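J.: Chain by chain, the residues run as shown.
Number of protein chains: 2
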Amino acid sequence: MNAPSPVAQLQSRPVPPALLDALGARFGARLSTAQAVREQHGRDEGSISAPPPAAVVFAESTQDVADAMRLAAQHAVPVIAYGAGSSLEGHLLAVQGGISIDVSRMNRVLSIDADDLTVTAQPGITRKALNEAIKDTGLFFPIDPGADASIGGMAATRASGTNAVRYGTMRENVLALEVVTAGGEVIRTGTRAKKSSAGYDLTRLMVGSEGTLGIFTEVTLRLYPLPEAVSAAICSFPSIEAAVRTVIQTIQLGVPIARVELIDANSVRMVNAHSKLTLREEPLLLMEFHGSAMSVKEQAETVQEIAREFGGQAFEWASTPEERTRLWTARHNAYFAAVQSRPGCRAISTDTCVPISRLADCLLESVQEADASGIPYFLVGHVGDGNFHFGYLIDPESPDERERAEALNQRLVARALAMGGTCTGEHGVGIHKMGFLLDEAGAGAVDMMRAIKRALDPQNILNPGKIFAL
Amino acid sequence: MNAPSPVAQLQSRPVPPALLDALGARFGARLSTAQAVREQHGRDEGSISAPPPAAVVFAESTQDVADAMRLAAQHAVPVIAYGAGSSLEGHLLAVQGGISIDVSRMNRVLSIDADDLTVTAQPGITRKALNEAIKDTGLFFPIDPGADASIGGMAATRASGTNAVRYGTMRENVLALEVVTAGGEVIRTGTRAKKSSAGYDLTRLMVGSEGTLGIFTEVTLRLYPLPEAVSAAICSFPSIEAAVRTVIQTIQLGVPIARVELIDANSVRMVNAHSKLTLREEPLLLMEFHGSAMSVKEQAETVQEIAREFGGQAFEWASTPEERTRLWTARHNAYFAAVQSRPGCRAISTDTCVPISRLADCLLESVQEADASGIPYFLVGHVGDGNFHFGYLIDPESPDERERAEALNQRLVARALAMGGTCTGEHGVGIHKMGFLLDEAGAGAVDMMRAIKRALDPQNILNPGKIFAL
Chain A
1 MNAPSPVAQL QSRPVPPALL DALGARFGAR LSTAQAVREQ HGRDEGSISA
51 PPPAAVVFAE STQDVADAMR LAAQHAVPVI AYGAGSSLEG HLLAVQGGIS
101 IDVSRMNRVL SIDADDLTVT AQPGITRKAL NEAIKDTGLF FPIDPGADAS
151 IGGMAATRAS GTNAVRYGTM RENVLALEVV TAGGEVIRTG TRAKKSSAGY
201 DLTRLMVGSE GTLGIFTEVT LRLYPLPEAV SAAICSFPSI EAAVRTVIQT
251 IQLGVPIARV ELIDANSVRM VNAHSKLTLR EEPLLLMEFH GSAMSVKEQA
301 ETVQEIAREF GGQAFEWAST PEERTRLWTA RHNAYFAAVQ SRPGCRAIST
351 DTCVPISRLA DCLLESVQEA DASGIPYFLV GHVGDGNFHF GYLIDPESPD
401 ERERAEALNQ RLVARALAMG GTCTGEHGVG IHKMGFLLDE AGAGAVDMMR
451 AIKRALDPQN ILNPGKIFAL
Chain B
1 MNAPSPVAQL QSRPVPPALL DALGARFGAR LSTAQAVREQ HGRDEGSISA
51 PPPAAVVFAE STQDVADAMR LAAQHAVPVI AYGAGSSLEG HLLAVQGGIS
101 IDVSRMNRVL SIDADDLTVT AQPGITRKAL NEAIKDTGLF FPIDPGADAS
151 IGGMAATRAS GTNAVRYGTM RENVLALEVV TAGGEVIRTG TRAKKSSAGY
201 DLTRLMVGSE GTLGIFTEVT LRLYPLPEAV SAAICSFPSI EAAVRTVIQT
251 IQLGVPIARV ELIDANSVRM VNAHSKLTLR EEPLLLMEFH GSAMSVKEQA
301 ETVQEIAREF GGQAFEWAST PEERTRLWTA RHNAYFAAVQ SRPGCRAIST
351 DTCVPISRLA DCLLESVQEA DASGIPYFLV GHVGDGNFHF GYLIDPESPD
401 ERERAEALNQ RLVARALAMG GTCTGEHGVG IHKMGFLLDE AGAGAVDMMR
451 AIKRALDPQN ILNPGKIFAL
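In order, the protein sequences belong to chains A and B. Quick note on numbering: the numbering used here labels position 277 of the first sequence as 277, and the sequence is numbered without any gaps. Quick note on numbering: the numbering used here labels position 279 of the second sequence as 279, and the sequence is numbered without any gaps.
Source of the hints: derived by calculation from the structure; they are not laboratory data. One thing to keep in mind: the hints can contain errors.
Repeated chains share a single entry, so a pair holds when one copy, or any two copies, can fit it.
[To be verified] With a cut-off of at most 25 Å between alpha-carbon atoms, the simulated SDA-like pairs for lysine to any residue come out as follows:
hint, residue 1, residue 2
1, 128, 328
2, 135, 321
3, 128, 254
4, 128, 224
5, 135, 254
This one's a predicted model, so the numbers in the text were calculated from it and none came from an experiment.
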């Protein structure tokens, strides 16, 4: 098992004054070198720190991004795209120096093609703003990685979230991209056609490339008709195992459940305190069913029956939109609820995903280890996909706690890989999981990724020091 | 519009006797240089011809493929993987000489993981053999590109077929691969986890790469529970437009229809003659619904109502498995029925796919042009995805007919691209659509594909002369 080695990536390259002059001439007040602005753009929600970028460009158009990229390329200076700042794996950290291109002002919807169930938007729009913009069409965009992330960032990390069990991830839902390359050229990948066999799948190569192969300036997404009926339910279980076995059987039966989230008793306590709820402080599943009225009823009855077999208690329905929103908001706030439960702490988040048949084994062994460690933690999971997150709540000033938490994470990843799983279901590799990627994919596959990176970014200026060492 | 220029790719490279000696020493009788064997491996179901490969290696293991590849790499000799020989775009043609590696003997199922809804198989197994091998599990593999293609070939061309409207294409259904690289190294891409954000999506890059980036030696696929209920229906329409409008509305309403195929009156005539059926010789839709008994009934009622609005007649049910098989066999034989309708002809197949809202316009204009041309043709389509195929039945000895058919194809592709579509929904680029790819993706994106190709295959020995000129 290769330990993560973020520090090895710290090798700041100089940003020559001539580049800052050229950017200043091109962008005027939209170039900032203010310390506060730089610091805000040099961190994310993860647990690792690095010096901030030398400057931030606020882009407002594809041409802005292309021009900034071309200038940076002339000086061989690293460029990091910035959307909403919600990544968890150090994606935004300027570990090799360089400049940040903030695309958050590129937040327009460019075209809604309701008849084709597609939308094209700029990358800086957040998922919530996107859904707000399309709400009159009767369609919605289902991918929701908890945070109100930007669509560009979600594409760059191949994000997913609670709806992925039914609607897939960004891999399945990005149809086409406009991309600024390392040389500042603008290309398009994919079309609005639902399928294609036209050459290499550049769209899928770009999705999940974490800003290392190009900067997205337009994203075309699939949309879905708002389901005729939606119902949500919450069910408590005597043990994590009972909850997980319920999920496994649901998936294996092919029930098209839209969401099925595991929340452990620790998380329920934290969420109750944070969101002023009174959920039973036991492991629970939070579920949602989408479809016709008849189909939703049928799905829910099937799952209720399975849950009963495994000792599920207090199957409660949330059928009004308000009740549903309250429950899902609580779920999405679990991370913040947890971090607030230990003032001053930082969360080290795990992100393993395993084949569903191994989910119970993987989870239960990892829970035992976490309990034995004495480190406070919470556990939530998109268990329908076999994906779950431990959050180890460490004192950032305590090297001992960090070390013990990383050791737990390493044992968990080793376990998941041995079971045919992955070290990251949805957060990405960043700088935190570079060692794990090598363990998972093998040196040959990582070498292939490196060869692609070198071919498309010969100066290594697109978000360098992420995914793998070059 | 760039015309296809297959002939430009004809630049045969010599195969040195030393390579044949080395292959002979390694593979014995499993190396063949017999003319008949070479010729069989040097053609596909498409309309273009080229000289055959210099030799054929019959591989029986990953090690065989790796060894053959390594020897070929030592001599910088092209290598073309051969599965079932059913591709349509000249993928198997040895336009630059070299050797063929036949993987059809690598046809074992390696593991069925029914609890995880996955299967891992060797690339030479055909889709029908795969479904036969898993039939006792209650699961099935839905992708069916008409021909009984090999799984490896289907992955290499990003194939799909009639079930894709519900279950997706090879893009969505290949979870992981074992790949032999241009240097003869064996790597693995992906895992059995349902989702992952672990680095570049090499699996999706390989799927659809048409043998130009690696040779697949293992393929891990998603499976689906056999639906509790299946029903098929056939419905005739007064016009192609009426049929297509029915489909568009069905998709836009979000009905999870499993299959919906358009068959034009020409094809119905040909199919009736070939399969001894008595279908009404009008444009028809062939549909299939999968789900619970209740959901299938609900879907079918919705579609029946839509069809009625558009003048759909004679909505007939095929509810026994035998009746269904008879109908789908007739559909899958449409291509052969058409080719037999004009003895000695070859079919030039189109493969455009457009956003569903433009399907009627794209189809109807193209039908008018085809009717006006006087060239016999048939039209079938996976219209739920916006994908359809004209087959222009030409006399292969008539340059005039070929030219007129290619002109029809070019106008059709130009129309589809202008509507936001793709030149190939499922057949791939091969040597036939290289010009179209450039029109569709643009020079910048094709240059990016070239850069990837050069990085992963610096000697250009993996199926050279396909997808783009280097």
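J.: Check each numbered hint against the structure and report the violated ones by number, ascending.
T.: Every hint satisfied by this model.
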